[in-house]
Amino acid sequence: MITEDPRHQDIHEYLAEFEDIPGTRVFTAKRARQGYHINQFAMSLMKAENRERFKADERAYLDEWPLSEEQKQAVLARDYNKCLDLGGNVYFLSKLFSTDGIPFAEAVSTMTDMSFPEYREMMMKGGRSPEGLRSIKEKR
Amino acid sequence: MARITAGVASSHVPLLGVASDFGKDRDDYFGPIFAGYDWTREWEKAEKPDVVILVYNDHASAFDMKIIPTFAIGCGERYKSADEGWGPRAVPDVEGHPDLAWHIAQSLILDEFDMTIINEMDVDHGLTVPLSMMFGKPEAWPCRVVPLAVNVVTYPPPSGNRCWALGEAIRKAVESFPEDLNVQVWGTGGMSHQLQGPRAGLINREWDNRFLDGLIGESDHLRRIPHIEYLRETGSEGIEMVMWLIMRGALGRKTRALHRHYHVPCSNTAIGHLVLRPDNGEGLDMTGSGVTAVAAE
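Residue numbers (UniProt numbering), protein chains in the order written: chain A, 1 to 140; chain B, 1 to 297.
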């Protein structure tokens with residue numbers, strides 16, 4: 001039972017704030033809608049036979065899915081920031097990391113301005129500081 | 001009567017499952033992470049919970065984009081380890097507790113939580129990694145598990161306040177179950193981490209530790225943290241910490257900490273782990289930790 005005041009937040013204000021986080025794509029309903037097929041394509045790679053078919057001819061496999069040309073190109077290029085922009089979600093895209101046989105952290109590093117060794121080194125030193133990366137407009 | 005005797009919070013990083021399964025858990029990298037769970041493994045041996053209500057999130061394994069339940073409860077007999085794209089983990093099947101789970105589902109729905117009821121599903125690292133961290137590598141898991149899956153992937157996830165209130169309702173449901181059961185609630189996922197975009201790798205040690213502080217004692221201020229604060233301060237995947245608030249809500253008004261562990265890094269994340277007792281003056285004897293009992297055996 002909610003005993004606190006469950007004051008309803010304005011949905012537009014709620015969503016607008018997500019655009020103010022540096023270097024971050026929040027998986028909003030809008031992105032979920034745009035990326036439905038890219039994520040379901042990625043999900044299909046959970047099955048070994050699909051992984052084999054995809055690896056044999058990536059383009060042909062992608063053509064079986066109703067993705068936009070831009071989405072297909074982003075997948076072929078393994079341009080993960082682009083995939084996120086076009087509605088991909090990292091948990092679904094991770095099926096592509098494992099199909100490619102690369103560690104999750106290595107795939108994540110390709111979205112940053114660092115090489116994988118540099119990224120790993122940063123994590124060993126305690127990770128990326130939130131200092132200056134909390135808000136675009138407030139520059140903090 | 002069934003009773004909630006403890007709450008456990010833990011990250012559920014997939015790489016920890018790999019380390020456990022391939023015997024890397026004491027190497028230079030994983031050693032300091034696993035060492036923080038040694039205390040808990042001994043304590044669990046003494047506690048012998050009958051059932052763990054395990055709050056976790058599925059990572060595009062049992063659920064894809066077709067169906068996105070905000071809160072789902074597993075009422076099945078057993079669950080297999082999911083194939084997440086590289087074959088299922090070689091861990092025992094998870095035994096459910098359908099009688100308790102259905103009882104909780106009914107009680108939660110009457111308390112106005114619209115639960116999704118799941119009878120068949122596979123469970124991924126979100127659920128099996130915490131079992132490995134707390135129980136090691138047994139032939140069979142030593143207790144029954146009621147999986148409680150929360151959507152923390154597609155926005156909006158449930159609010160912290162809603163999660164806390166769900167925990168309170170779970171407590172009420174468990175305490176009205178007639179069988180004498182020792183029940184623990186585990187909240188998994190977290191702490192600060194961001195797995196995507198140019199800001200990937202974000203870690204906020206100070207914020208994480210304040211969050212751990214906030215789970216202990218009487219304050220309920222954590223339930224009012226808005227999503228945007230988790231996102232700004234703890235990275236896009238730090239939102240998983242709302243699942244810890246279900247565990248916290250289930251422990252009642254006041255808690256005390258028995259064990260605490262924090263370490264950076266594990267893969268892309270900070271590892272947080274906390275063992276809590278309800279400390280609510282409602283007549284349960286919560287004094288004495290299990291570890292003393294182990295030492296005495």
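Just so you know, these hints were derived from the structure itself, not from any lab. Check the hints yourself; a few may be wrong.
As the list claims (entries may be wrong) - Using 20 Å as the maximum straight-line C-alpha spacing, the simulated DMTMM-like pairs for lysine to aspartate or glutamate come out as follows:
| hint | chain 1 | residue 1 | chain 2 | residue 2 |
| --- | --- | --- | --- | --- |
| 1 | A | K125 | B | D38 |
| 2 | A | K30 | A | E49 |
| 3 | A | K125 | B | E233 |
| 4 | A | K137 | A | E13 |
| 5 | A | K47 | A | E64 |
| 6 | B | K66 | A | E13 |
Structure-based check of all given hints:
1. For the hint linking K125 of chain A to D38 of chain B, the alpha-carbon distance of about 24 Å lies beyond 20 Å, and the restraint is violated.
2. Taking the CA atoms of K30 of chain A and E49 of chain A, the gap is about 31 Å. The hint is violated against a cut of 20 Å.
3. Taking the CA atoms of K125 of chain A and E233 of chain B, the gap is about 18 Å. The hint holds against a cut of 20 Å.
4. This hinted pair checks out: K137 of chain A and E13 of chain A have alpha carbons roughly 15 Å apart, not beyond 20 Å.
5. For a cut-off of 20 Å, the pair hint linking K47 of chain A to E64 of chain A stands: about 16 Å separates their Cα positions.
6. Among the hinted pairs, K66 of chain B with E13 of chain A is inconsistent with the structure: their alpha-carbon atoms are about 27 Å apart, more than 20 Å.
Going through the hint list in order, the structure does not satisfy hints 1, 2 and 6.
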